[in-house]
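Residue numbers (the numbering used here), protein chains in the order written: chain A, 1 to 116; chain B, 1 to 116; chain C, 1 to 116; chain D, 1 to 116.
Don't take each hint at face value.
Copies of the same chain look alike in the list, so a pair counts if it works inside one copy or between any two.
[Unchecked claim] The list that follows gives simulated cross-link-like pairs (lysine to any residue, SDA-like), each with its CA atoms no further than 25 Å apart:
#1 Lys25 / Glu92
#2 Lys34 / Ala89
#3 Lys83 / Glu95
#4 Lys83 / Gly64
#5 Lys83 / Glu13
#6 Lys34 / Glu13
#7 Lys25 / Arg60
#8 Lys25 / Gly96
#9 Lys83 / Arg19
#10 Lys25 / Asp58
#11 Lys25 / Asp86
#12 Lys83 / Val14
#13 Lys25 / Lys83
#14 Lys34 / Asp6
#15 Lys34 / Arg61
#16 Lys55 / Glu95
#17 Lys55 / Ala9
#18 Lys34 / Arg18
#19 Lys25 / Gly57
#20 Lys55 / Gly96
#21 Lys55 / Glu45
#22 Lys55 / Ser17
#23 Lys83 / Arg18
#24 Lys25 / Asp56
Derived by calculation from the structure, the hints in this document are not laboratory data.
Number of protein chains: 4
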Amino acid sequence: MNNGNDTLARLAEVIESRRGQAADKSYVARLFSKGNDAILKKVGEEATEVVMAAKDGDRRRIVGEVADLWFHTLVALAAYGLKPADVLAELERREGMSGLEEFALRKLRDREGDTP
Amino acid sequence: MNNGNDTLARLAEVIESRRGQAADKSYVARLFSKGNDAILKKVGEEATEVVMAAKDGDRRRIVGEVADLWFHTLVALAAYGLKPADVLAELERREGMSGLEEFALRKLRDREGDTP
Amino acid sequence: MNNGNDTLARLAEVIESRRGQAADKSYVARLFSKGNDAILKKVGEEATEVVMAAKDGDRRRIVGEVADLWFHTLVALAAYGLKPADVLAELERREGMSGLEEFALRKLRDREGDTP
Amino acid sequence: MNNGNDTLARLAEVIESRRGQAADKSYVARLFSKGNDAILKKVGEEATEVVMAAKDGDRRRIVGEVADLWFHTLVALAAYGLKPADVLAELERREGMSGLEEFALRKLRDREGDTP
């Protein structure tokens with residue numbers, strides 16, 4: 001599935017190749033060496049940075065922060081033995097079901113138990 | 001499975017097509033109608049859910065929550081006139097620079113002002 | 001205005017008194033009935049809302065959102081058998097050590113393993 | 001309002017006293033010198049750490065992370081000219097209204113526009 005035009009798959013391969021390396025070899029090797037909590041913490045952190053860049057309406061920073069967020073979710077996926085293709089397949093599956101309307105149904109179900 | 005870049009681009013088109021619709025037509029139309037803060041709040045929320053699914057080591061839920069997170073970042077990108085291709089280009093640019101080592105450099109610069 | 005420690009302790013008691021109630025009796029009873037993940041999700045959500053209110057520089061909303069965040073951390077503490085007094089004691093302990101400088105030392109230690 | 005038994009008020013005073021100091025004098029002085037985004041980022045970060053500690057069921061770490069979260073919200077309040085008393089007054093106001101049931105009403109109103 002990794003043809004030359006699949007950015008996330010290629011990044012995931014680069015990330016995977018970093019996993020076995022010594023922690024001082026790369027940022028990703030270091031992140032893996034620090035363990036899953038360090039990786040997950042970055043996911044939370046980068047999400048907050050996306051929100052702040054967006055609140056500033058700074059489109060260049062939004063792109064950079066979403067790139068950071070996606071990148072760290074790729075590291076998180078790798079940490080749990082998953083690939084971006086797994087997520088993309090899930091997104092395609094939902095889209096296929098009815099043009100994203102499954103989101104609505106799922107969220108609706110979530111909410112029904114949610115209203116206080 | 002299609003190319004990942006294509007999947008994201010197609011999802012972004014579907015999201016874009018929802019933008020003008022009445023709020024009761026779809027989950028995405030409703031989210032747009034509620035405004036940018038509602039969209040950004042979802043980004044924060046879904047990041048927390050990724051973290052919780054990962055802490056449970058529940059791979060199926062991790063896939064679902066990362067799908068939710070990516071999906072809502074696509075909505076956020078659309079809200080600010082951006083496309084997944086902008087983020088993918090940024091990720092490719094960084095990868096091209098030196099196999100992700102730019103991340104290290106950038107983070108290092110961030111950190112130098114960061115240690116208390 | 002009463003003493004802050006007392007306010008938090010009283011709120012914690014109210015929260016605790018809701019725990020055994022039927023889910024339809026109060027927002028807190030309902031939150032407990034939904035389980036720890038629902039409570040933790042609120043902590044993440046309210047933190048994002050604090051950030052957004054602050055980015056807007058809307059002081060009234062900042063107060064409201066920090067109130068929401070503290071409130072939900074009190075619910076989270078209760079869910080794990082903890083009290084605000086435990087957190088206040090920890091804050092006092094740190095303050096006592098050297099006017100918060102322990103924060104610096106701890107963060108410094110964290111960071112030393114952190115620079116990529 | 002700052003009697004000797006009000007931990008948050010006393011911490012807020014210590015934080016305020018750090019504000020004018022040189023950035024190398026303390027962790028808090030440094031955080032102020034880095035600006036509001038750095039402070040808000042910490043709020044998001046510490047919320048994620050509370051969630052992770054709770055998912056581990058590690059009560060000692062929950063206390064420490066909630067202490068970190070409350071502490072950084074105090075810094076955020078200070079950055080926007082607010083005090084913990086403002087938040088405590090808001091919490092008391094809500095409690096006074098009807099034993100927290102205003103939370104329910106407010107959330108209910110939020111949700112009514114929320115179900116997709």
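Okay, which hints does this one fail, numbers in order? Result: hints 2, 7, 10, 11, 14, 16, 19, 20, 24 break, sorted rising.
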